[in-house]
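A.B. asks: Each protein sequence line maps, in turn, to chains A and B.
Going by our numbering, the first sequence opens with residue 1, and the numbers climb by one from there.
Going by our numbering, the second sequence opens with residue 1, and the numbers climb by one from there.
Simulated from the structure, these hints should not be mistaken for laboratory data.
Predicted model, so just to flag it, every value in this text is computed and none were measured.
Please note: incorrect hints may appear among the correct ones.
Each computed DMTMM-like pair below joins lysine to aspartate or glutamate, with the alpha-carbon atoms no more than 20 Å apart [said to hold, decoys possible]:
(1) A:LYS216 / A:GLU254
(2) A:LYS334 / A:ASP373
(3) B:LYS341 / A:ASP373
(4) A:LYS249 / A:GLU289
(5) B:LYS161 / A:GLU40
(6) A:LYS354 / B:ASP333
(7) B:LYS161 / A:ASP285
To list a few chain A residues with every Cβ distance to chain B over 10 Å, as calculated [said to hold, decoys possible]:
(8) VAL30
(9) MET59
(10) GLU98
(11) THR134
(12) GLU151
(13) SER215
(14) VAL299
(15) TYR331
(16) SER344
Footprint (simulated), chain A over chain B, 3 or more residues, beta carbon under 8 Å [unchecked claim]:
(17) 62-73
(18) 155-167
(19) 243-257
(20) 329-337
A virtual CB, placed ideally from N, CA and C, is assigned to each residue, including glycine.
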Amino acid sequence: MSALIEEDYITEEGEFVINIGPQHPSTHGVLHIKAWLDGETIKKVQPHLGYIHRSIEKMSESLSYRNFIFVTSRMDYISAHINNEACALAVEKGLQIEAPPRAQVIRILMAELTRLASHQLWWGATGLDLGAITPFFHAFREREAIITIMENTCGARLTQNYMVPGGVMYDLHPDFQKETKAIVKQVKEKLGEYEDLLTGNVIFEQRTKGVGYISKEDAISYGCSGPTARASGVSCDVRKWFPYDGYDKVVFDEVLDTGGDCYARYMVRMREMVQCCDIIDQLIDNIPEGDFQAKTKNVIKLPKGEFYQRVETARGELGVYLVSDGAASPYRIKYRSPNFSNLSALEHMAVGGKIGDLVAIMATLDLVIPDIDR
Amino acid sequence: MKLLLAYSFANLTSAIHSGLSGSMGNETLVLITEMVITGICLLGFLVILSFFLGYMERKVAAFMQIRLGPNRVGPKGSLQIVADTVKLLFKEGLTPDASDKFLFNLAPFIVVVTSMLVMAPMAFAKGFQIWDLNIGILYVSSISSMGVIGILMAGWSSNNKYSLLGAMRSGAQIVSYELSIGLSLISIVILTGSLRISDIVMSQQNGWWLFKGHIPVIISFIIFIIASTAEINRAPFDLAEAESELTAGFHTEYSGMKFAMFLLSEYINLFVVSAIAATIFLGGWMPFHIGSWEGFNHIMDYIPSSLWFFGKTFFIIFVIMWFRWTFPRLRVDQLLNLEWKYLLPISMVNILLVTLIAIMGWHF
Numbered sequence: 001m002s003a004l005i006e007e008d009y010i011t012e013e014g015e016f017v018i019n020i021g022p023q024h025p026s027t028h029g030v031l032h033i034k035a036w037l038d039g040e041t042i043k044k045v046q047p048h049l050g051y052i053h054r055s056i057e058k059m060s061e062s063l064s065y066r067n068f069i070f071v072t073s074r075m076d077y078i079s080a081h082i083n084n085e086a087c088a089l090a091v092e093k094g095l096q097i098e099a100p101p102r103a104q105v106i107r108i109l110m111a112e113l114t115r116l117a118s119h120q121l122w123w124g125a126t127g128l129d130l131g132a133i134t135p136f137f138h139a140f141r142e143r144e145a146i147i148t149i150m151e152n153t154c155g156a157r158l159t160q161n162y163m164v165p166g167g168v169m170y171d172l173h174p175d176f177q178k179e180t181k182a183i184v185k186q187v188k189e190k191l192g193e194y195e196d197l198l199t200g201n202v203i204f205e206q207r208t209k210g211v212g213y214i215s216k217e218d219a220i221s222y223g224c225s226g227p228t229a230r231a232s233g234v235s236c237d238v239r240k241w242f243p244y245d246g247y248d249k250v251v252f253d254e255v256l257d258t259g260g261d262c263y264a265r266y267m268v269r270m271r272e273m274v275q276c277c278d279i280i281d282q283l284i285d286n287i288p289e290g291d292f293q294a295k296t297k298n299v300i301k302l303p304k305g306e307f308y309q310r311v312e313t314a315r316g317e318l319g320v321y322l323v324s325d326g327a328a329s330p331y332r333i334k335y336r337s338p339n340f341s342n343l344s345a346l347e348h349m350a351v352g353g354k355i356g357d358l359v360a361i362m363a364t365l366d367l368v369i370p371d372i373d374r
Numbered sequence: 001m002k003l004l005l006a007y008s009f010a011n012l013t014s015a016i017h018s019g020l021s022g023s024m025g026n027e028t029l030v031l032i033t034e035m036v037i038t039g040i041c042l043l044g045f046l047v048i049l050s051f052f053l054g055y056m057e058r059k060v061a062a063f064m065q066i067r068l069g070p071n072r073v074g075p076k077g078s079l080q081i082v083a084d085t086v087k088l089l090f091k092e093g094l095t096p097d098a099s100d101k102f103l104f105n106l107a108p109f110i111v112v113v114t115s116m117l118v119m120a121p122m123a124f125a126k127g128f129q130i131w132d133l134n135i136g137i138l139y140v141s142s143i144s145s146m147g148v149i150g151i152l153m154a155g156w157s158s159n160n161k162y163s164l165l166g167a168m169r170s171g172a173q174i175v176s177y178e179l180s181i182g183l184s185l186i187s188i189v190i191l192t193g194s195l196r197i198s199d200i201v202m203s204q205q206n207g208w209w210l211f212k213g214h215i216p217v218i219i220s221f222i223i224f225i226i227a228s229t230a231e232i233n234r235a236p237f238d239l240a241e242a243e244s245e246l247t248a249g250f251h252t253e254y255s256g257m258k259f260a261m262f263l264l265s266e267y268i269n270l271f272v273v274s275a276i277a278a279t280i281f282l283g284g285w286m287p288f289h290i291g292s293w294e295g296f297n298h299i300m301d302y303i304p305s306s307l308w309f310f311g312k313t314f315f316i317i318f319v320i321m322w323f324r325w326t327f328p329r330l331r332v333d334q335l336l337n338l339e340w341k342y343l344l345p346i347s348m349v350n351i352l353l354v355t356l357i358a359i360m361g362w363h364f
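Chain A extracted, bound-state conformation (with noise of 0.2 Å):
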């Protein structure tokens, strides 16, 4: 314990120790960053976590395999569709059962919304992390547009409750089709604003290009995933390599940069974009009819034994496994959350550089701090 508190304080001469956060602008939340600065540079990075830990995977050991779910809302707050499909898919595995057609395409269909909405909020902040004020609004009048077709479809604007066990809760409401395809040719429309107003700008390039380098071999070692994965080259977009609901039969592309920078991560996120909405065009006017529901018993027990599911959340991989003892409720539940190993790499990306570039880092790695604490 001495060992700790001293490489924590003792510093060299000239150096200093700053804390940005629990309660700063960039850390988008209650994250701690202790840095080590030389001036303005960066010598060493730590973050320290737990200052939002709810304990939600102990709580999930007393809730029941329909309620568990719910409580994923919680963690990834940008992407809570996303959250919930992966523990509604964990269950369906354990249960041996499969949505129904309907179901898997109202999935993909939430799901490639969440990662719209998400990656906007994203671009937005992005811009706001680097001192330009004006992208957040814009981002925001399409976020709150893809929200609003959330609340109307499931109630919910953030925290959706919507994906269950063997399907969806509610069937489509009439409008969707319509309030979609609207929103699809909006944000097409818009992304080309979007880069004029960031993407070229000269500033916004000398801020990105270059800075938090990292290498292929190095973004697998520390176990990064997504769009930060994806930047450095590392081809791991889990709806291609395992899966899941029916998305082996969408075509879309997996974006891959070889940059490994800020900037190249940027650009991963911004063609993301126009592949989500290629998804959800190839889907929308071919949504299958039938049930939105498989029929599941009132108390689910899952079989005893242990059940892994993966899937791709808007920031990367999210791994949900699943301990049953065969009782109504799971016997142990482990995340594997996308922002905490994204986030292991920050130190290896910023040291070197300067707080500007620890802000421009912390926003394209889009972290999302209850995801990381959970």
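Given chain A, put chain B in place with the hints provided.
C.D. replies: Same frame as chain A, but now just chain B:
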């Protein structure tokens, strides 16, 4: 020219002066009374100005960010800024325990006073100038660089690492960009042959320097706008505040009216640099004249000179606000690169070109 004189404020000021001399007799007393009157007028003007600029900034920002901006207090939200000021007045101005209390409380006043001092040689309209001293440009550039002392003082005395980083950034930034500002001002001084503001305005009687001085003056105008945006710590050069990096930079620890002082000085500085740019490059209160087009020039003369001055100034203010709401922020090393690697060498070469133009008499 007769029409121009009709709008001169010199008549008004000389009437006041003769009235005061008649009643008091003592010259020194008259001078002191005039100074007090001028000071009070200036204070009132600056408060109204910063209210207006605050309102303008919010509306410009709202326009760029597809929202409405303030629209509840007063007609079209115009009294929102008054409400904010009242709130700030009643707020407790905290002084942190560990701070250097004297310097901490002094800093906001230094910042505001220096920005007010720069107003002295400004020619707001024909004959409407507080102090037409013969080294006007030199005075402006030397006083305006004193504001950084207040910022450094604020950052150091707050005893906060964020504040200190912000203040140090600000110091490096203002000291560097001061050079480019000076060089671009000098280019016009070379062309005019005088440091006096009124001379510079009068030299633009048959065309503004921006149009008369060929490409070199346009270059120095652009450099002046960039460098002065940096000098007054506004985005994309707002590294001293850098909200997303340093929370609020040098004024992190300030609250209440002391915080409002920094805000006030920011808006006054914004006005001052825009007014200087308008005076030096766009002819100040001088109407838009084209060489020998007598008819056209006469029509232009009908527009009051103060309207010309404020029109030009607010145009430049709008451009600087436009920067703020569209650009991301530079990093600190990139900021210094921009100055030392690009702006300064370009201004130096530019000075040579301007000198050549002045010597050969190539300008119109």
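A.B. asks: For a quick check of understanding: which of the numbered hints are violated here, in increasing order?
C.D. replies: 3, 7 and 11
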